[in-house]
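A.B. asks: Start from the sequences and build out the full structure, keeping to the hints where you can.
Chains as they are written, first to last, in my numbering: chain A, 1 to 226; chain B, 227 to 619.
Incorrect hints may appear among the rest.
Simulated crosslink set (DSS-like; lysine-lysine; CA at most 25 Å straight-line) [to be verified]:
hint : chain 1 : residue 1 : chain 2 : residue 2
1    : A       : 54        : B       : 540
2    : B       : 303       : B       : 540
3    : B       : 471       : B       : 481
4    : B       : 608       : A       : 75
5    : B       : 608       : B       : 540
6    : B       : 540       : A       : 49
7    : A       : 75        : A       : 54
8    : B       : 315       : B       : 303
9    : B       : 608       : A       : 49
10   : B       : 303       : B       : 537
11   : A       : 75        : A       : 112
12   : A       : 75        : B       : 540
13   : A       : 55        : B       : 540
14   : A       : 54        : B       : 608
15   : B       : 303       : A       : 75
16   : B       : 278       : B       : 608
17   : B       : 278       : B       : 540
18   : B       : 315       : B       : 278
19   : B       : 537       : B       : 315
20   : A       : 181       : A       : 112
21   : B       : 608       : B       : 537
22   : B       : 348       : B       : 471
23   : B       : 608       : A       : 55
24   : A       : 75        : A       : 55
For the record, the hints were derived by calculation from the structure and aren't laboratory data.
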Amino acid sequence: MTVATFEERAAQAPAQPSQPRIDLLLIAGMVEPGARVLDVGCGTGELLKLLEEKKQVDGRGVELSQSGVNFCVAKGLSVIQGDADHDLVNYPDQAFDYAILSQTLQATRHPKAVLAELLRIARHVIVSFPNFGHWRIRWQILLHGRMPMTWNLPESWYETPNIHFCTIRDFRELCQVVGAKVERSFALSPYGHPLGTNVPSFLHNIVAQQAVFLLTANAAAKPNGG
Amino acid sequence: MNRMLVSPRDLRTSSDDSLVFHSDDELSLDCGRVLPPFEIAYQTYGTLNADKSNAVLVCHALTGDQHVANLHPMTGKPGWWETIIGPGKPVDTDQYFVICSNVIGGCMGSTGPASLDPASGKPYGLDFPVITIDDMVRAQACLIDHLGISDLFCVIGGSMGGMQVLEWCANFGDRVFSAVPIATAPRHSSQNIAFHEVGRQAVMADPEWRGGRYIEEGTNPAKGLAVARMAAHITYLSDDALHRKFGRNLQNREKITFGFDADFQVESYLRYQGISFVDRFDANSYLYITRAMDYFDLAADYGGILANAFKGTKTRFCVVSFTSDWLYPTRESRAIVQALNAVAANVSFVEIESDKGHDAFLLHEPELFDTVRGFLEAAKQKRGLPSTPRGRT
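C.D. replies: This is how it looks when you write it as structure tokens:
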């Protein structure tokens, strides 16, 4: 489920606890204090730890890599080994206030089914993903005719765990298909900062490197389990 | 195989070093019979705090006993879980009040088939009622009541101990703040039952077993029990671990003897395991406790749906399995985790890479230690217990 393997992430993680990543702070900012949170693809537990410390949430994690899970549990986080494609079905309806899928959607086999499951098990769903509509990516395909590689998507096409890339526009369409209502959305710069209001929203799909969406199940539309 | 240091009669009174709880009440058993007022032998370590919120109950496995973290009075060996329990260890006796009791049906001081039947004045033998894991746990709960502890900070155990942990959570969930079932299963599989049946048949095939009346008759089914232990011991190890330890190495000889002596080291090792076991274990207890494990099927008590056993649970769970444990494989732990997820319980699940088989939970497994320490430390914070002084972890 992780984009990078646990070992790679751990190697990238700063040795000293420094400022948390800006996109994680942004996600944490959306979560109500004391909420029940499921972080799917929690990696080394950076976001869960942040949420427990800043928002006193009742946090749970699901992580594909066993070494990641063991690392999290030894840190005192409630994490199980599992996989977004197979294990979300085990949770009851509306078991959580928030389900978070941080940089993981593009690595799932069935993104539509995963999103529908998340909307079933949580009142709010927060999804962050790399925007494949970013101009650098368009440029690499257009100019070089090659599958793009960027600093946050560094693997070549035959090695990447990311099998279902999408653009911000694609994701909005998927939200409609599964009956998700977009409560809030952020387009992030390459440094993880939300783009300023001076960037018109029609440009987000071109200049944003990542996007973060806060969704709820749209009561009017029946979610399609896919 | 003929060595016998302790007679079965001695086993009944061998627990002088333990505390004993005398229940004044009968215990209604799952089999429909009633156990007359009974005794539970137990050990404690550490100090119970003023509000009695730091108690940890350790549940022992099939052949374990209450001597979890002290020298065993009969074998002189370290406690069976001193790797994990003690001062500064993951279950830190400087912080927690640790209780470990011998299960009913056992032979280390708790009431079992070697105890005297008040009805006849003779050892129970096979007149002892067949007990279940549930019965063991309800008897333990009487002990916990007796100690004045309303709820336990943690219940932890491996193998059959893990079954007791699950039963505690199902039956007394509101009395269990956190639970660590290790290398266990929510039910005994057909294969598990099959291995136990081999062991029981070995005991009962020993002419000295005498229909379970060997204490009165002054005999000892040591050979049968030793064979049962040898067969069971294989299931606690892995092919890789056995091969690494012994390979095809010969025992104190240059070549094979074309006979039936213990030519191979692995044979010698198993014979030693068998012989040393009969010195400390009662054959009938072995029958009763293996039976209790075979009857364990937690879901069956809850309409066939395991999740129902944990409905509404507030307990924090940490489920642990080992990759090479083929007796209670990871898929069994995963079934527990799925059931807990189905009721949105707070659960962690760690599978630890080890080639030591089922016995890994008793051995030096640093990842197990880190897991238990981290889990308990977080649970302690949630519970509002003082955190570990710096420099200790």
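A.B. asks: Take the hints in turn and mark each one as holding or not.
C.D. replies: Each hint, compared with the structure:
Taken as a hint, the residue 54 of chain A and residue 540 of chain B pair is honoured in the structure, with Cα atoms around 23 Å apart against an allowance of 25 Å. As the CA atoms of residue 303 of chain B and residue 540 of chain B are separated by approximately 38 Å, the hinted pair breaks the 25 Å bound. With a CA separation close to 19 Å, the supplied pair residue 471 of chain B and residue 481 of chain B stays within the 25 Å bound. For the proposed pair residue 608 of chain B and residue 75 of chain A, the alpha carbon gap of about 14 Å is at most 25 Å, so the pair holds.
In summary, the hint linking residue 608 of chain B to residue 540 of chain B is supported, as the alpha carbons are separated by about 12 Å, within the 25 Å threshold. Between residue 540 of chain B and residue 49 of chain A the CA atoms are separated by roughly 21 Å; this keeps the pair inside 25 Å, and the hint holds. Using a Cα cut-off of 25 Å, the hinted pair residue 75 of chain A and residue 54 of chain A holds, with the two alpha carbons roughly 16 Å apart. Taking the CA atoms of residue 315 of chain B and residue 303 of chain B, the gap is about 18 Å. The hint holds against a cut of 25 Å.
Taking the CA atoms of residue 608 of chain B and residue 49 of chain A, the gap is about 14 Å. The hint holds against a cut of 25 Å. With a C-alpha separation of about 41 Å, the suggested pair residue 303 of chain B and residue 537 of chain B falls outside the 25 Å cut-off, and the hint is violated. Distance restraint check for residue 75 of chain A and residue 112 of chain A: the Cα-Cα separation of roughly 32 Å exceeds the 25 Å cut-off, and the hinted pair is therefore not satisfied. Taken as a hint, the residue 75 of chain A and residue 540 of chain B pair is honoured in the structure, with Cα atoms around 21 Å apart against an allowance of 25 Å.
Distance restraint check for residue 55 of chain A and residue 540 of chain B: the Cα-Cα separation of roughly 20 Å lies within the 25 Å cut-off, and the hinted pair is therefore satisfied. The straight-line distance between the Cα atoms of residue 54 of chain A and residue 608 of chain B is roughly 15 Å, inside the 25 Å bound, and the hint therefore holds. Between residue 303 of chain B and residue 75 of chain A the CA atoms are separated by roughly 33 Å; this puts the pair beyond 25 Å, and the hint is violated. With a CA separation close to 16 Å, the supplied pair residue 278 of chain B and residue 608 of chain B stays within the 25 Å bound.
Between residue 278 of chain B and residue 540 of chain B, the direct Cα distance comes to roughly 19 Å. Compliance with the 25 Å bound is thereby established for this hinted pair. With a CA separation close to 21 Å, the supplied pair residue 315 of chain B and residue 278 of chain B stays within the 25 Å bound. The hinted pair formed by residue 537 of chain B and residue 315 of chain B fails the criterion: a straight-line CA distance of about 32 Å is larger than 25 Å. About 14 Å separates the Cα atoms of residue 181 of chain A and residue 112 of chain A, which keeps this hinted pair within 25 Å; it holds.
Distance restraint check for residue 608 of chain B and residue 537 of chain B: the Cα-Cα separation of roughly 21 Å lies within the 25 Å cut-off, and the hinted pair is therefore satisfied. With a CA separation close to 45 Å, the supplied pair residue 348 of chain B and residue 471 of chain B exceeds the 25 Å bound. A hinted pair counts as satisfied when its Cα atoms are at most 25 Å apart, and residue 608 of chain B with residue 55 of chain A qualifies at roughly 14 Å. Our distance criterion of 25 Å between C-alpha atoms is met by residue 75 of chain A and residue 55 of chain A, whose separation comes to about 18 Å.
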